[in-house]
Amino acid sequence: MTERDNSEGVLDPSFWRGLTQPRVTRRQALGLAGTGVASAMFLGADAGLAGAALPNAKVGTKSWWAKQKLHHQLNFANWPYYIDVLKGHHPSLDYFTKTTHIKVNYSEVIQDNPSFYQKIRPSLAAGQSTGYDIVVMTNNSVQLSYLIQLGWLTPLDRSKMTNFNKYAGPLIKNPSWDPGNKYTMAWQSGWTAVGYNAKMVKNPGTSIEILFDKRYKGKVGMFNDPIELGHAGLLAVGVEPATSTERDWAKAAKKLQLQKSDGIVAAYYDQSYIQHLKNGDIAVSMCFSGDIFQADLNSKYKNLTLLLPHEGAMLWTDNMAIPLYAQNPLDAMTAMDYFYSPLTQSVVEYYDDYICPVPSTKQQLVHPTGWNKAALAALKPEIGLPTTVTANSSTVFPTPARVAASKSYYTFKSQAEIDAWNGLFLPIIQGA
Amino acid sequence: MERSVSAHYPGGVKPPRFRGLWAKRLAPYLLSLPAGLWLALLFLVPLFLMLSETLKSCSPASGACTMTWNWGELPHTVNLYRAQFVTSLLFALFATVIDLVISFPIAYWIAFYGGRRKNFFLIMLLVPFFVSFVIRTLVWEFILSDNGFLFSFLHRSHLVPSGFHVLGTSVAVVAGLAYNYLPFTALPLYVAIERIDHRVLDAAHDLYANRRVAFTKVILPLTIPGIFAAFLLTFIPAFGDYINQEILGGTSNTMIGTVIQNSFLVNADYPAGSSLSVVLLAISLIGIFAYARVLGSRTIEEYL
Chain A
1 MTERDNSEGV
11 LDPSFWRGLT
21 QPRVTRRQAL
31 GLAGTGVASA
41 MFLGADAGLA
51 GAALPNAKVG
61 TKSWWAKQKL
71 HHQLNFANWP
81 YYIDVLKGHH
91 PSLDYFTKTT
101 HIKVNYSEVI
111 QDNPSFYQKI
121 RPSLAAGQST
131 GYDIVVMTNN
141 SVQLSYLIQL
151 GWLTPLDRSK
161 MTNFNKYAGP
171 LIKNPSWDPG
181 NKYTMAWQSG
191 WTAVGYNAKM
201 VKNPGTSIEI
211 LFDKRYKGKV
221 GMFNDPIELG
231 HAGLLAVGVE
241 PATSTERDWA
251 KAAKKLQLQK
261 SDGIVAAYYD
271 QSYIQHLKNG
281 DIAVSMCFSG
291 DIFQADLNSK
301 YKNLTLLLPH
311 EGAMLWTDNM
321 AIPLYAQNPL
331 DAMTAMDYFY
341 SPLTQSVVEY
351 YDDYICPVPS
361 TKQQLVHPTG
371 WNKAALAALK
381 PEIGLPTTVT
391 ANSSTVFPTP
401 ARVAASKSYY
411 TFKSQAEIDA
421 WNGLFLPIIQ
431 GA
Chain B
1001 MERSVSAHYP
1011 GGVKPPRFRG
1021 LWAKRLAPYL
1031 LSLPAGLWLA
1041 LLFLVPLFLM
1051 LSETLKSCSP
1061 ASGACTMTWN
1071 WGELPHTVNL
1081 YRAQFVTSLL
1091 FALFATVIDL
1101 VISFPIAYWI
1111 AFYGGRRKNF
1121 FLIMLLVPFF
1131 VSFVIRTLVW
1141 EFILSDNGFL
1151 FSFLHRSHLV
1161 PSGFHVLGTS
1171 VAVVAGLAYN
1181 YLPFTALPLY
1191 VAIERIDHRV
1201 LDAAHDLYAN
1211 RRVAFTKVIL
1221 PLTIPGIFAA
1231 FLLTFIPAFG
1241 DYINQEILGG
1251 TSNTMIGTVI
1261 QNSFLVNADY
1271 PAGSSLSVVL
1281 LAISLIGIFA
1291 YARVLGSRTI
1301 EEYL
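Those sequence lines, one after another, are chains A and B. The opening position of the first sequence corresponds to residue 1 in our numbering, with each subsequent residue numbered one higher. The opening position of the second sequence corresponds to residue 1001 in our numbering, with each subsequent residue numbered one higher.
Since no wrong hints were added, every one of them can be taken at face value.
Below, computed lysine-lysine pairings styled on DSS-like, alpha-carbon distance capped at 27 Å:
| # | chain 1 | residue 1 | chain 2 | residue 2 |
| --- | --- | --- | --- | --- |
| 1 | B | Lys1056 | A | Lys119 |
| 2 | A | Lys166 | A | Lys69 |
| 3 | B | Lys1056 | A | Lys413 |
| 4 | A | Lys202 | A | Lys214 |
| 5 | A | Lys103 | A | Lys182 |
| 6 | A | Lys217 | A | Lys202 |
In short, the hints are calculated from the structure, not lab data.
Extracted from the complex, chain A is given alone in its bound form (with noise of 0.2 Å):
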């Protein structure tokens, strides 16, 4: 996603009159959830814009990280099935405390961005700790622009990046979302794409269009978040989403009214949609990549397909950040960095199958050179694969060329333009 243009400074002063004033008719779309921002900023009628400063101005400096200490406890928030799991332990945090000891509690509460962020926004609007000293937000969802923006994200230290500086990947190192790496470093990487039950679906093709078949009528999951909707919507109308227009996207929501109304959609699922694909409730899904990866190395769950579709898939990232008022700032930094060994990566991707932010891993993955040469033996019998098909994985170290075809995101320009979308995709998933 690095090819993506940045748009930020090129916007005209009365559009900023108009972005920074309250309107009264702001709010013709059925209000606003998870929506794609690279850079742009449009922060409504919020305080912060009018040059007061930002209220981690303070924080982050070399001086402020300086007199930081360990406190030997970690809060870390992440999505679900995003880290190595065995037998209810984790073993990249497991020897991350054995190492630095640092207690980390891992918890999996992010199941979308938008509501994640209500839950977060509330205590970082009063000035106070939200609790987890690492969270984990997508850089198409409007919230990561807003933390930024608002100056919610603790700026990271630079002194402790030498393990990304060294190995992290062209694709996440410097990225549009966050130039230079001032706030965020990438988790995993991803693409929303298709994923089928072979035993439902005898011939699955490679279109996009298998979403709208009718003979899988009413066994089709669609995903409620209405950037990752409309993007599916705008792909299977043949339009490239970044350069799209609201033409398109009227198209694209008028594809995804005719699925919905034909029967078609089972439902609009978060990650839940998952469970519902394991449990044969629905047939044939928008999914993550890795997930579906994930189940199909589960024996139990041999069925799950992957099929990154020929019009392309959409290619996401997922950061971690360090928010604002965090109470443990130094142990988030040195477990961020700790997460850009390959050693690390290796234990971590053997099981996660996302995209690897280090390519070197793919070397430790065939030949582990230290405490992970332990871990991934201890890990084999749980996933029942040899580590070199992870190693192997066209989805896990992507070749330029498959990056090259993934599709970015749309980047808004204007508010006015996520009620647009919004306006056009939210009623598909919350009508009536």
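Start from chain A and add chain B according to the hints.
Leaving out everything else, chain B in the frame of chain A:
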């Protein structure tokens, strides 16, 4: 002040004349002060706060709200979600009627034939509801799942046509609502039926009423307040419910509770959420006032 007044009215003794006038006029108000304060603090103040919220504009980013006297918000939002209101209304209505039809015979049987074991039967009725609301609903999702044990059995034995499913349909939502709110219907009905004097029935039979006539002419009219109370107690929470729809529903049966929940917790659209909540509350209040008008306010205190 309040205490001194009430202290001067021991059991209807006439108060001294010189302060009588004031005390007499103020007494009812002062006596209702605790209840009045309670009502003001816990009902009127929140209600007005919510109403004022509908006039604000909020930032989806920081959540900060500014008063913009946006009078258009409420009608706009309500208009936008008309369909979900109608869905909720219909679902809640169906569920309530189903509950009434199911629980009337149960309550009748326990009240008239329960004998010494009445309490035991009542407890039996309530035991399933000791489990948390959400967990009960999740278990239903598990049972109704297309590949769950029930439906895989039905499909295997060809008792239902292939492609038949319940989860995600309106039927599942209404059934979930009916199941979850059953005690709210059964208990008021039981109270109403239990207090019917059996001799009234004997008298009806003496006057040559057969069982059907005795039921329609005697039992039903006597239980009307109970039925109405049961109706309100079931209909109002079912109307605003979102758990059942979230867990058991599909794409085409979004209820207003889900929209309100999303407005507050996902979209951070407090004005929209408040507008919908105000309308929901207004509909509930209209129900209660209608009850009071038709059946008198005394029966409210007996059943609700």
